[in-house]
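Q: Construct the entire structure; sequences and hints are all you get.
Protein chains in written order, with numbering that gives the first Met the number 0: chain G, 0 to 199; chain A, 0 to 199.
Just so you know, not all the hints are guaranteed correct.
Taking lysine-lysine pairs in the DSSO-like style, the calculated list, with each CA pair at most 30 Å apart, reads [as the list claims (entries may be wrong)]:
| # | chain 1 | residue 1 | chain 2 | residue 2 |
| --- | --- | --- | --- | --- |
| 1 | A | 33 | A | 19 |
| 2 | G | 19 | A | 19 |
| 3 | G | 19 | A | 30 |
| 4 | G | 33 | A | 19 |
| 5 | A | 33 | G | 33 |
| 6 | A | 30 | A | 19 |
| 7 | G | 30 | A | 33 |
| 8 | A | 30 | G | 33 |
| 9 | G | 19 | A | 33 |
| 10 | G | 30 | A | 19 |
| 11 | G | 30 | G | 19 |
| 12 | G | 19 | G | 33 |
Covered stretches of chain A (in silico footprint by chain G; criterion: 3 or more residues with CB under 8 Å from a CB of chain G, positions within the stretch not fixed) [claimed, not checked]:
| # | segment |
| --- | --- |
| 13 | 1-13 |
| 14 | 17-27 |
| 15 | 50-62 |
| 16 | 167-180 |
Beta-carbon label-pair distances, calculated as ranges [to be verified]:
| # | chain 1 | residue 1 | chain 2 | residue 2 | range |
| --- | --- | --- | --- | --- | --- |
| 17 | G | 166 | A | 49 | 54 to 62 Å |
| 18 | A | 15 | G | 191 | 34 to 42 Å |
| 19 | G | 175 | A | 15 | 20 to 28 Å |
| 20 | G | 166 | A | 111 | 49 to 57 Å |
| 21 | G | 172 | A | 174 | 46 to 54 Å |
| 22 | G | 30 | A | 66 | 15 to 23 Å |
| 23 | G | 183 | A | 169 | 53 to 61 Å |
None of these hints come from the bench; they were simulated from the model. All values reported here derive from a predicted model rather than from experimental measurement. By construction, the Cβ of each residue, glycine as well, lies at the ideal position given by its N, Cα and C atoms.
Given next are the chains, with one letter for each unit.
There are 2 protein chains.
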Amino acid sequence: MSPIERLTRELGRLPGVGAKTALRLAYHLVKGPKENVRRLARALIEVADRIHPCPVCGNYCATAVCSVCEDPRRDQSVICVVEEAFEVGAIERAARFRGLFHVLGGRLSPLDGIGPDDLNIGGLIGRIEDPGASVGEVILATNASVEGEATAVYLEGVLRGYPLRVTRLARGIPVGSDLEYIDGTTIAEALAGRREMEAR
Amino acid sequence: MSPIERLTRELGRLPGVGAKTALRLAYHLVKGPKENVRRLARALIEVADRIHPCPVCGNYCATAVCSVCEDPRRDQSVICVVEEAFEVGAIERAARFRGLFHVLGGRLSPLDGIGPDDLNIGGLIGRIEDPGASVGEVILATNASVEGEATAVYLEGVLRGYPLRVTRLARGIPVGSDLEYIDGTTIAEALAGRREMEAR
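A: Shown next as structure tokens:
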């Protein structure tokens, strides 16, 4: 197997990259400056060498504890629970949430054989029960999919015994959307969750 | 910039990979086995270290001369000219052509500022004029696009002074296609290039 074939095979393992795309990417890399290829290789090696899950929240980080968990200015009383680490970034980009995160590492999905024991739920309980902590609210920010919803319902049951607010992200019309393109279930949720107009 | 951000940036340089896809790929790599990440990095480094253009035909190879050029069983009298190195693979997979290749490294495209001097045309002339060679036919296998066609017409002019057959890949209906989906220009070309049915 030639180096180009080997690179094509490795690129073809990436999600959403089929055989033809892998070949196109490989030849793009071969044709371009070698420095670009080496820089991508270095970035990969750095990730393999340095990135690990934060022992507290499960988000990926290159330091002993992730930057959110070790930031004393973050509100230690609120934990936002997400399915996957990259969703932390989506919430951080919104720049609205100042609490902590907890990454489950997936969602309940019986069809895929993923049950509660496969998710980082024990870590969440440990954080809530930690005598040094004072968690007052857990926001369930799992996805608005069937599995995400089932995961939220399951977690709500697990957390019911604790003196906590357990909340869920609001359902509604995404900002910038036209109503005519929104499905009926979302409109029903948006109606159920309607709020008073604030005085201007 | 964190290692994940750096990897996302490098992946985002690949063609067809936008910011969101780059992020998704980066997290896929972070979440999977580290060995997969290292294997991709090794494949990249191997390509950067070992792959270079064949000094004869311009195809990429890891050896002094590419495997087609150094194969004495290939028909040395026919050179198939392609725009890009990856098109050599497309023709090789058809397993019909037994001659040699020549990679131009692009196509004439005045709008992109690519003229004859930017293509490996001098190398082709050198191969034809080489007293030790005996090239009898040059197949212009540039793409069936406007630029590919213009490149073929230009090359035909350059090669006119040499005692050579200069041929072009046939235009026609792709195998397996329904006529109703074929554009009129292709049908016109297929009619113009129609051939006698062979006796069975």
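Q: Against this structure, judge whether each hint is valid.
A: Quick rundown of the hints versus the structure:
no.: 1; hint: A/33 / A/19; verdict: holds (22 Å)
no.: 2; hint: G/19 / A/19; verdict: holds (21 Å)
no.: 3; hint: G/19 / A/30; verdict: holds (25 Å)
no.: 4; hint: G/33 / A/19; verdict: holds (25 Å)
no.: 5; hint: A/33 / G/33; verdict: holds (24 Å)
no.: 6; hint: A/30 / A/19; verdict: holds (16 Å)
no.: 7; hint: G/30 / A/33; verdict: holds (27 Å)
no.: 8; hint: A/30 / G/33; verdict: holds (27 Å)
no.: 9; hint: G/19 / A/33; verdict: holds (25 Å)
no.: 10; hint: G/30 / A/19; verdict: holds (25 Å)
no.: 11; hint: G/30 / G/19; verdict: holds (16 Å)
no.: 12; hint: G/19 / G/33; verdict: holds (22 Å)
no.: 13; hint: 1-13; verdict: holds (count 10)
no.: 14; hint: 17-27; verdict: holds (count 7)
no.: 15; hint: 50-62; verdict: holds (count 4)
no.: 16; hint: 167-180; verdict: violated (count 0)
no.: 17; hint: G/166 / A/49: 54 to 62 Å; verdict: holds (56 Å)
no.: 18; hint: A/15 / G/191: 34 to 42 Å; verdict: holds (41 Å)
no.: 19; hint: G/175 / A/15: 20 to 28 Å; verdict: holds (26 Å)
no.: 20; hint: G/166 / A/111: 49 to 57 Å; verdict: holds (54 Å)
no.: 21; hint: G/172 / A/174: 46 to 54 Å; verdict: holds (50 Å)
no.: 22; hint: G/30 / A/66: 15 to 23 Å; verdict: holds (19 Å)
no.: 23; hint: G/183 / A/169: 53 to 61 Å; verdict: holds (54 Å)
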